[in-house]
Amino acid sequence: METNRRSVVLGGAGVLGAAALGFPKPAIAQSEPLRVGWLAAMTGPSSAPAVGFNRGVVVAAELLNAAGGVKGRKVEIITRDTQGDPTKAVNATQEMISQAKVHAIWGPTNSGESLAVTPIMARQKIPNIHPCVVNSLIDTKKYPNAFRISPSNVQWDDAVRSYCLKQVGAKKVAVIGDTTGYGVSAAKDSSAGFKKDGAQVVYEANIDATQPDMTPDLLRARQAGAEAIVVWSVSTGMDARLFNTRARMGWDVPFVGHPSMASGEIAGLLEKPANWEKVYAIGYRSCSYDDAGRLPPRSDAFVKQLKGKVELNDTLLWWVAAGFDAINLIAKAVAETGSSSREDIIKYWNTVSKYPGVYGEYTYTPENHDGYPPGDVVMSAANSGKDGTFKLAPGYS
Amino acid sequence: MLYSILTSGLAVGAVYALIGVTYNTMFSTSRVMSFTAGQLGMLGGVLGSLFTLRLGIPWPLGLLLTLACCALIGIVTEFVAVRPVLKSLDQHLYVLSTLAVALMIQQFTAIMWSTEPQPFPRLLGGIGQDLLDEKFWLPVVTCAAVIVGLELLYRRTILGHAFLAVAEDNFAARALGLPERQLRVMAYALAGAIGALAGYSGGQLLLAFFANGPHLNFYGFIPVALGGLGNNRGAVVGGLALGLFQQTANFVVGGIFASVAVFTIFIVVLLIAPQGLLGSATARRV
Numbered sequence: 001m002e003t004n005r006r007s008v009v010l011g012g013a014g015v016l017g018a019a020a021l022g023f024p025k026p027a028i029a030q031s032e033p034l035r036v037g038w039l040a041a042m043t044g045p046s047s048a049p050a051v052g053f054n055r056g057v058v059v060a061a062e063l064l065n066a067a068g069g070v071k072g073r074k075v076e077i078i079t080r081d082t083q084g085d086p087t088k089a090v091n092a093t094q095e096m097i098s099q100a101k102v103h104a105i106w107g108p109t110n111s112g113e114s115l116a117v118t119p120i121m122a123r124q125k126i127p128n129i130h131p132c133v134v135n136s137l138i139d140t141k142k143y144p145n146a147f148r149i150s151p152s153n154v155q156w157d158d159a160v161r162s163y164c165l166k167q168v169g170a171k172k173v174a175v176i177g178d179t180t181g182y183g184v185s186a187a188k189d190s191s192a193g194f195k196k197d198g199a200q201v202v203y204e205a206n207i208d209a210t211q212p213d214m215t216p217d218l219l220r221a222r223q224a225g226a227e228a229i230v231v232w233s234v235s236t237g238m239d240a241r242l243f244n245t246r247a248r249m250g251w252d253v254p255f256v257g258h259p260s261m262a263s264g265e266i267a268g269l270l271e272k273p274a275n276w277e278k279v280y281a282i283g284y285r286s287c288s289y290d291d292a293g294r295l296p297p298r299s300d301a302f303v304k305q306l307k308g309k310v311e312l313n314d315t316l317l318w319w320v321a322a323g324f325d326a327i328n329l330i331a332k333a334v335a336e337t338g339s340s341s342r343e344d345i346i347k348y349w350n351t352v353s354k355y356p357g358v359y360g361e362y363t364y365t366p367e368n369h370d371g372y373p374p375g376d377v378v379m380s381a382a383n384s385g386k387d388g389t390f391k392l393a394p395g396y397s
Numbered sequence: 001m002l003y004s005i006l007t008s009g010l011a012v013g014a015v016y017a018l019i020g021v022t023y024n025t026m027f028s029t030s031r032v033m034s035f036t037a038g039q040l041g042m043l044g045g046v047l048g049s050l051f052t053l054r055l056g057i058p059w060p061l062g063l064l065l066t067l068a069c070c071a072l073i074g075i076v077t078e079f080v081a082v083r084p085v086l087k088s089l090d091q092h093l094y095v096l097s098t099l100a101v102a103l104m105i106q107q108f109t110a111i112m113w114s115t116e117p118q119p120f121p122r123l124l125g126g127i128g129q130d131l132l133d134e135k136f137w138l139p140v141v142t143c144a145a146v147i148v149g150l151e152l153l154y155r156r157t158i159l160g161h162a163f164l165a166v167a168e169d170n171f172a173a174r175a176l177g178l179p180e181r182q183l184r185v186m187a188y189a190l191a192g193a194i195g196a197l198a199g200y201s202g203g204q205l206l207l208a209f210f211a212n213g214p215h216l217n218f219y220g221f222i223p224v225a226l227g228g229l230g231n232n233r234g235a236v237v238g239g240l241a242l243g244l245f246q247q248t249a250n251f252v253v254g255g256i257f258a259s260v261a262v263f264t265i266f267i268v269v270l271l272i273a274p275q276g277l278l279g280s281a282t283a284r285r286v
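Which chain is which? The protein sequence lines are A and B, in order.
Start counting the first sequence at 1; every next residue gets the next number (the UniProt record's numbering).
Start counting the second sequence at 1; every next residue gets the next number (the UniProt record's numbering).
With the rest of the complex left out, here is chain A:
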C-alpha cells in the first residue's frame, strides 16, 4: 500500500476520532489509590479544630483500608499544613490539584482560608467538602462543587434565637459581639433576626475583646431590661470577663451564643466555677449527652469504636466525627458510582439524602449544599464539657 501524506492525515484523524469517542478506561484508573486532599491548619494559632478533625480523618482512612479499601482502591490521605494562612492554603490547593492529582478535597477548616480557595476549587471543578460557617461559602451557582458538612452561620443564628425566644422565654435581649469582622457582622445579623421575629433588642454593642472591665456594658444591658444576653465572640477572655462581671453584679441573666463560651480555656479564667452556670453555647445533638449522661446511639457506638485509638479529652467530639464523616462521604461517592471522576462525585453528593453520619444526617440537593440538619444544632450547658461532649441545655428532650 502506498503511503502518502493524505493517508497519514486520514489515519491520524481516525485515531483522534476514536480517542474522542472514548476507549475503555485503562484498568489503572480503577485500581489506583483514591487520593483525598486534606487542607488542615495543623499548626499555628487556630490549629485546635484541624487537630481534632485529623483524628477522625485518620481513623476513617484506616477503617476503610482495613476493610479492603473502596472498591479495592486504597484510600490515601494527602495532608498539607496550611497553618491557618490563606496564602499557604491557596498554594497547597493548587499543588494538590495539579501535582498530587487528588480526586476530592476535604477542608480547609477555617473560613478565612476557605474564602481564598473556594473560587480556585470551583474553577477546577474539584469536589470539595468543608466545615466552614461563613454563609457565602456555599453558593450552588458560583461553587457547584462545594458542600458544607457543618451548619452555616444562619443555622447557628437560628438555633440561638430559637432557644432565647422559646426556651428562655426572653422578649428583650441584649446582643453583644466583639470588634472583629466576625463579631460585628454576627451581632448585626443576630439583632436583625431577633427584630424580625418580634423580639426587642434592648441593647446592642461591639466590645473590644481586650477591654478589662465589662461592667459598663452589662450595667447598660441590665438597665435596658435584657432577659437574655446573646454573645458572638471567639474570645474566651471576653467571655470569662462577662461571666465574672455578671456574678459580681449579682445578676442571673442567661448567656446564649457562640461555642467559644464552652471552651475549656474559660475554666481557669473564672473567679468562681459557679460563674459559668446559666451559660448556653451552640452545640450539636449528636455530640450532646442527656441528663443520664447518654449520647445518641450512633455517637455512643462511635466513641466506643475510638476507645484506645483516639484521645477525646483534649478536643471536641464533633471535630473528630466531622472529619470521619467527610472521608466516608467521599468514599461513599466512589463506592456508589464506581468512579472517582470529579463530575461523578459531585453528581452523587447532589443526591445524598439523610446520609447517616456520626456528626449528623446530611442531605444535599443540586440547589442546597448546606447539608447539616438544622434541628440538630442545639444549645449545650457550657460548663459541662466531658471528653469533647456537652450536656444538652435545659429544655431539650
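Derived from the structure by calculation, the hints contain no laboratory data.
Keep in mind that the hints are not guaranteed to be accurate.
Stated by the list, open to error - Chain A residues, not near chain B, derived (Cβ > 12 Å throughout): (1) Ser-31; (2) Gly-69; (3) Lys-88; (4) Pro-119; (5) Gln-124; (6) Asp-139; (7) Lys-196; (8) Asp-197; (9) Pro-216; (10) Trp-251; (11) Gly-268; (12) Ala-274; (13) Ser-339; (14) Thr-351.
As the list claims (entries may be wrong) - Which bits of chain B does chain A cover? Going by a derived footprint, with three or more residues having C-beta under 8 Å, they are: (15) 74-82; (16) 194-208; (17) 244-251.
Said to hold, decoys possible - Partial list, computed: chain B residues near chain A (C-beta under 8 Å): (18) Met-1; (19) Ser-4; (20) Pro-117; (21) Gln-118.
Bear in mind the structure is a predicted one, so any value in this text is a computation, not a measurement.
We put the beta carbon where it would ideally sit given N, CA and C, even for glycine.
With chain A fixed as given, assemble chain B onto it according to the hints.
Relative to the frame of chain A, chain B by itself:
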C-alpha cells in the same frame, strides 16, 4: 457607676501610666521611642503567670524572675534594635527596628505560651472585695511606688544624676566622661523592669494574654503624648486621666465608640497643646 469608673478607670490608667514611664525611661537616654514598651507589659503578665501558676514558684520569687527576664529583654532591645540605628536617628529607623523586635516578642509568646488568655494568680489571696480588691489597687500602688522610686533615684543618687545628665545632653555628658553607653543599657534594663511591673500589677485585670502588647503600646503612648515626652509626672497624670476617661466613655457611649471618643480627645488635646499638657516647648540655640 461612679464607683466602677473610679476603681476600674484608675487601675487601668495606672497600667497605662507605667507603660508611659517605660517609654520615657527608654527615650531619656537614647532619644528613641521604643515600641517594645507594650510588649514588656504583656510579658510582665505572661511571665508572672508562667512562673507562679505553671511552674508553682512563690509569687515574690516569680516577680523577681519576671523583672529580671524583662530587664534582660530591655538590654537585648538596646543592643539589637537601638544601638545600630542611633547614628541615623533623624531617619527614624528605630520605628522599624523596635517594631520588628516587638513583633518577634509577640509571635514568640503566641507560639510558646498560648494564643488564648490565661489566668493570672491572685497574689494576696483574696484580701478585700470591690474597691479593696487587689486587682484594682495593685496597679495604682505599684505606679505610685515606681514614681517615688524614680524620683529618689534621679534626685538622690549619683547614678540618677548621671541618667539625667545623659537625658539632658548626651554629648556634654560624654564629654564630661560619663559612660553613656553603659548608662543607656542600664536605662533599658530599668525600663524593662518597669514595663514588667505594669503588666504584673495589672495581670489580674488584663490576664496573661499575648495580644495585650499592641493594646498597651497604643494606650501607653497616649499618656506620653498628653503628659509631654520624657515627663514621668505628666505620664502619670495623662495615664490616670486616660483610664478614667476611657471607663467613663465605656459607660456613656460604650463599645467601639468609647475608643473613638478616647482618640478624639487625644487629637483635640494635641491640637491645643502639641507639646503635651505638662510638657514645655524647648528652646534650641541656633
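**OP:** Measuring Cβ to Cβ, find out whether Trp-251 of chain A lies farther than 12 Å from everything in chain B.
**Re:** holds (14 Å)
Original post:
Gly-268 of chain A: least C-beta distance to chain B exceeds 12 Å?
Top reply: violated (4 Å)
Original post:
Minimum Cβ separation between Lys-196 of chain A and chain B greater than 12 Å?
Top reply: holds (23 Å)
Original post:
Within the assertion that chain A covers the region 74-82 of chain B, do at least three residues meet a Cβ-to-Cβ distance smaller than 8 Å?
Top reply: It is violated: at least three residues are needed, and the region 74-82 of chain B offers just 0 whose Cβ sits closer than 8 Å to chain A.
Subject >> Assertion that chain A covers the region 244-251 of chain B - criterion: three or more residues, beta-carbon distance below 8 Å >> reply: holds (count 3)
**OP:** Confirm or reject the statement that Gln-124 of chain A sits farther than 12 Å, beta carbon to beta carbon, from all of chain B.
**Re:** holds (33 Å)
**OP:** Evaluate the condition: distance from the CB of Thr-351 of chain A to the nearest CB of chain B exceeds 12 Å.
**Re:** Its Cβ never comes within 12 Å of chain B, the nearest being 41 Å, so this holds.
Subject >> chain B versus Ser-339 of chain A - minimum CB to CB distance exceeding 12 Å, so not interface >> reply: holds (43 Å)
**OP:** Examine each Cβ of chain B, and state whether all of them lie more than 12 Å from the Cβ of Pro-216 of chain A.
**Re:** violated (4 Å)
**OP:** Could you check that no beta carbon of chain B comes within 12 Å of the beta carbon of Pro-119 of chain A?
**Re:** For Pro-119 of chain A, whose nearest Cβ neighbour in chain B is about 28 Å away, the distance exceeds 12 Å, so it holds.
Original post:
Residue count check for the region 194-208 of chain B against chain A: does it reach three with CB-CB under 8 Å?
Top reply: holds (count 4)
**OP:** Classify the hint on Gln-118 of chain B as holds or violated, based on whether any CB of chain A lies nearer than 8 Å to its CB.
**Re:** holds (7 Å)
When each numbered hint is compared with the structure, violations occur for hints 9, 11 and 15.
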